[in-house]
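A.B. asks: One-letter residues, chain by chain:
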Amino acid sequence: MRVVIVLDDAHPSPPHLSPRGEGRFEVQMPCRAFARGTITIARALAVCVLTLAAATAPAAEEFTFDAAEFQKKPVEIGGYLELKHQQFRLNPDSAIYRVNFYQDPRARIDQSTLTFKPSGVLRRGEASLRFRAHLDGDWETRGFERSARFDEFYASYKPDPGFTLDAGKVSLKWGKGYAWNPVAFVERVKDPDDPELAREGFSMLTADWIRNFDGALRTVAFTPVVLPASPDLNPDFGAGRHVNTAAKLYLLYHDTDIDFMFLGNGSRSRRYGADFSRNITSNLEIHGEIARITEAQRQVVSAAGQAMLVRGAATSWLLGVRYLTARDTTYILEYYRNGPGLSEDEMRTFSRFVDNAYAQYLATGNGAPLARAANLARGGYARPNAGRNYLYLRVSQKEPFDILYFTPALTLVANADDRSTSVAPELLYTGFNNIELRLRAFFLGGGTDTEFGERRNSRRFELQGRIYF
Amino acid sequence: MLRALLTAFVLAVAAPALAADGNEILRKVDRNLEPESYEMYRKLINIEPDGRKKEFVLYSVKKGRDKVVALFLSPPSDAGRATLRDGDNMWLYIPSVGKPVRITSLQSVVGGVFNNADILRIDYSVEYNAESMQEEKDAYLLNLKARTGEVAYDRLKMWVDRKVLLPVKIEAYAASGLLIKTLHFKDIKDFGGGIRRPASVETDSPLYKGHRSVMLYSQLKKREFPDEVFTLNYLSRVEDLRK
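Sequence order for the protein chains is A and B. Residues 1 to 469 (the working numbering) make up the first sequence, in order. Residues 470 to 712 (the working numbering) make up the second sequence, in order.
The set of hints was computed from the structure by calculation and includes no laboratory data. Please note that the accuracy of each hint is not assured.
Using C-beta positions, here's what the derived DEER-type ranges look like [claimed, not checked]:
id	chain 1	residue 1	chain 2	residue 2	range
1	B	Glu600	A	Trp209	40 to 46 Å
2	B	Lys712	A	Ala148	33 to 39 Å
3	A	Glu140	B	Arg616	55 to 61 Å
4	A	Glu62	B	Glu693	31 to 37 Å
5	B	Leu635	A	Phe276	54 to 60 Å
6	A	Leu205	B	Lys691	52 to 58 Å
7	B	Pro695	A	Ala307	52 to 58 Å
8	B	Lys655	A	Ala68	19 to 25 Å
9	A	Gln297	B	Lys690	53 to 59 Å
Covered by chain A, per the in silico footprint, the following chain B stretches (three or more residues, Cβ under 8 Å) [stated by the list, open to error]:
id	region
10	508-519
11	536-548
12	574-581
13	614-626
14	686-698
Lysine to any residue pairs mimicking SDA-like chemistry, simulated, CA-CA at most 25 Å apart [unchecked claim]:
id	chain 1	residue 1	chain 2	residue 2
15	B	Lys650	A	Thr64
16	B	Lys568	A	Thr64
17	A	Lys84	A	Thr115
18	A	Lys398	A	Asn366
19	B	Lys568	A	Ile290
Just so you know, even glycine gets a beta-carbon here, dropped at the ideal spot from N, CA and C.
Chain A extracted, bound-state conformation (with noise of 0.2 Å):
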């Protein structure tokens, strides 16, 4: 179909339409016209009209694209910004609300986050600057708080394509596990309500060696790490001044990918790891990974309140799967054992000394004992994941109904030891361009004397929104 208005070649016609194409209209418009005032207004409507149809009409689209506008620039910036809006609704009931809030009671919490995420290169021949920046402000109900770092800042010579050096703050990123990683032994934990979310990384100096050959060995990797670590560097990743040493080497054998990880004493007491990665079929894959710790320590309590420190060797382990069916709906499903993790037992005492703290701050209005428990809970027991036996399952549905870049999905956490659970259902929508957009919601369960039961919060609510620049 083909409609040729002209009226007027005063005005050319507006540069998104063609003048060229089947079935494309060619519309101009009719400004003479007008300003003689003889054309009518349904003329006008009709031009309206037909204009807006000629820009959305699909079968008037003809698609161009010349790559010279993509070249690469010698430096780039990029990132997000976020908004992220949480109801927290507490548990009164529940010991890690009780170590928190006994001396300011309240039902809720909302939290507003606005998070900038500035990420940037520089390159100059073989060598390059890169930068991740985080910056963020968080307003909650009891006050504002802010911080400013780098998650990444580190230069890099790459002189080919089978070396790279990296020095600076790096964030490596070791391991199969979706969830959990206990073989990222030179990482910040990762919070498995948001496994995909970018950490800090530590300063270091690393270097991968990659090697390929023909054969059932296809690839062998090597990334050798140095870690120093003071009161000035480092010094969340262990106590004292240490240069600490790390290494993984990988290897793609008959379709399976093999990592072996050491850490040498240090900050750290040593340990050594393991993890494998491998398609079964065309969508079902199959992951684990064995992390061995010479000496792992926990802090516990009695129900009296005297802690004590455990120390020991532990094992840690995890086994998953990820599984697509035809319908697009994909599982991922995890077992994990943390060996220096609490036991159902230990979880369960520190739950009762904080009853008997709490009923004793009631009755005496001495909040020593409470003051105590809470040490305790940021030592350990209120951490993520803080006991033994875990199993997770996230099932999210690709674009259901039709609905483009719409992925609901469910997330189970559950402690299997007490069987308590964390279940949270999502709605992610990434139709608009540069735009993310994410609801979730949080429900705790599991009763008294457990994990996720014995939590702050019972209910959470986020509403997330990312704009990428």
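For chain A, the structure is supplied; the task is to place chain B on it using the hints.
C.D. replies: What follows is chain B alone, placed relative to chain A:
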């Protein structure tokens, strides 16, 4: 009776020969579409029934017959993501996650009608065997069967232009016989260096009624790469290959 026997005999003798011809044509189609090792830029456009669009720009490199890497350059929300295919193995690297995870050929990293097998396509002749070939007026119709169960589509019907030995249309079927999608190859263009191929591939699917996806090609060039580029550890550095 004799005629029927003769017909059966002729078919029995001719069918393998036609299949062999079909595989030869398929190999020529592969080389006419792309050199064995290359780099190129592509734009993927997903078009919804209401006309809304989402666009992705990828930089891709390939080596040999079954190693492909694709890096997302745009939109900013996806920039830096990289996918690797080595034979039947596929991985996705997301910068925020920081490590590659295995993905499957039937998933789609971009949403819409193109799936990972379309985006990280390797030579057709590596994945498919021509079981038979029919000669039509302007085209050869190749009936292709997947060589292994790992391949995304169990069967393809490929119409190949007789003159230029380039695909015109491909219908992709599941093992159940269900038509999954149709690919239309359009706009034959000279990319230089002896490469002359369709600059646009459009696809639609009865599974996504009213949706369309378009893949546009630009700056397709022959280029050799070391094997180390096609490894997991290199996925975070694919950007360095761009000149």
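A.B. asks: Let me make sure I understand: some of the numbered hints might not hold for this structure. Which ones are they, in numerical order?
C.D. replies: Numbers 5, 6, 16, 18 - these are the hints that the structure violates, sorted from lowest upward.
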